[in-house]
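*Asks:* First to last, the protein sequences are chains H and C. With this note's numbering as the guide, the letters of the first sequence map in order to residues 9 to 121. With this note's numbering as the guide, the letters of the second sequence map in order to residues 1279 to 1396.
If you're looking for bench data, these hints aren't it; they were derived computationally from the structure. The model shown is predicted, which means the values in this text are computed figures rather than measured ones. Watch out, some of these pointers could steer you wrong.
Claimed, not checked - Below, simulated DSS-like cross-link-like pairs (lysine-lysine); rule was C-alpha separation at most 30 Å, straight line:
(1) C:Lys1375 x H:Lys53
(2) C:Lys1293 x C:Lys1356
(3) C:Lys1356 x C:Lys1289
(4) C:Lys1356 x H:Lys50
(5) H:Lys120 x H:Lys53
(6) H:Lys87 x C:Lys1293
Unchecked claim - Here are some of the chain C residues that sit facing chain H, going by a computed Cβ distance under 8 Å:
(7) Gly1306
(8) His1307
(9) Tyr1311
(10) Pro1321
(11) Phe1323
(12) Tyr1326
(13) Gly1329
(14) Asp1334
(15) Pro1339
(16) Asn1340
(17) Asp1341
(18) Phe1344
(19) Gly1390
All residues carry an ideal CB built from backbone N, CA and C; glycine is no exception.
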Amino acid sequence: RKEVEQDPGPFNVPEGATVAFNCTYSNSASQSFFWYRQDCRKEPKLLMSIYSSGNEDGRFTAQLNRASQYISLLIRDSKLSDSATYLCVVNKAGNTGGFKTIFGAGTRLFVKA
Amino acid sequence: GAGVSQTPSNKVTEKGKYVELRCDPISGHTALYWYRQSLGQGPEFLIYFQGTGAADDSGLPNDRFFAVRPEGSVSTLKIQRTERGDSAVYLCASSLKGFGTGSYNEQFFGPGTRLTVL
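Just chain H, same shape as in the assembly (with noise of 0.2 Å):
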């Protein structure tokens, strides 16, 4: 079982349309939790950072679910320029004491007219 799951679409949905992506963890000493957002042949950027149970920016919505180990990302108002793939990313502690990022395989989202 991979360490960040998520389902990998692709999600086609039409512009106004709202959409939402789950992502589960598995190791319940993960500390903290991110969406990246990453274009075709281009490098991953951040998107939000999850604080406490969940936080609002804009159109984009990220809920954290510790009991669960589940994350989800919605977006609201889809616009044709949210087409990207969306990177689940988890930080934890390594197994030699330091720390390490896990990111998801990503979901792939296709937004049209």
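Start from chain H and add chain C according to the hints.
*Replies:* Showing chain C alone in chain H's frame:
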């Protein structure tokens, strides 16, 4: 200001050769990370530096891979005896602070080096 830069942007090499990939982090960022990304996958953690020291190198796949950051700024990822399976995009990221500092350490990524081993 300048972001994270990586050189070269593309590298084609033959199986068995040695390669070096360079990363220039954002000035003042103490933490630096290396990842590799294959098509259709998320970035795979390789190693994390806090300052000059490798705080976690558990993601390096085997002893052909090695990374250094001698002065706490520029880092070089070194791959010996390259294999076709090493072909991927190698991403570098930096953050102002590292893990365990109470911050959420946003990681800023460079554009990557696309390595192709023939």
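*Asks:* Taking the earlier hints as the rules, which of them does this structure contradict?
*Replies:* As far as the earlier hints go, 6, 7, 8, 13, 15, 16, 17 and 18 are violated by this structure, in ascending order.
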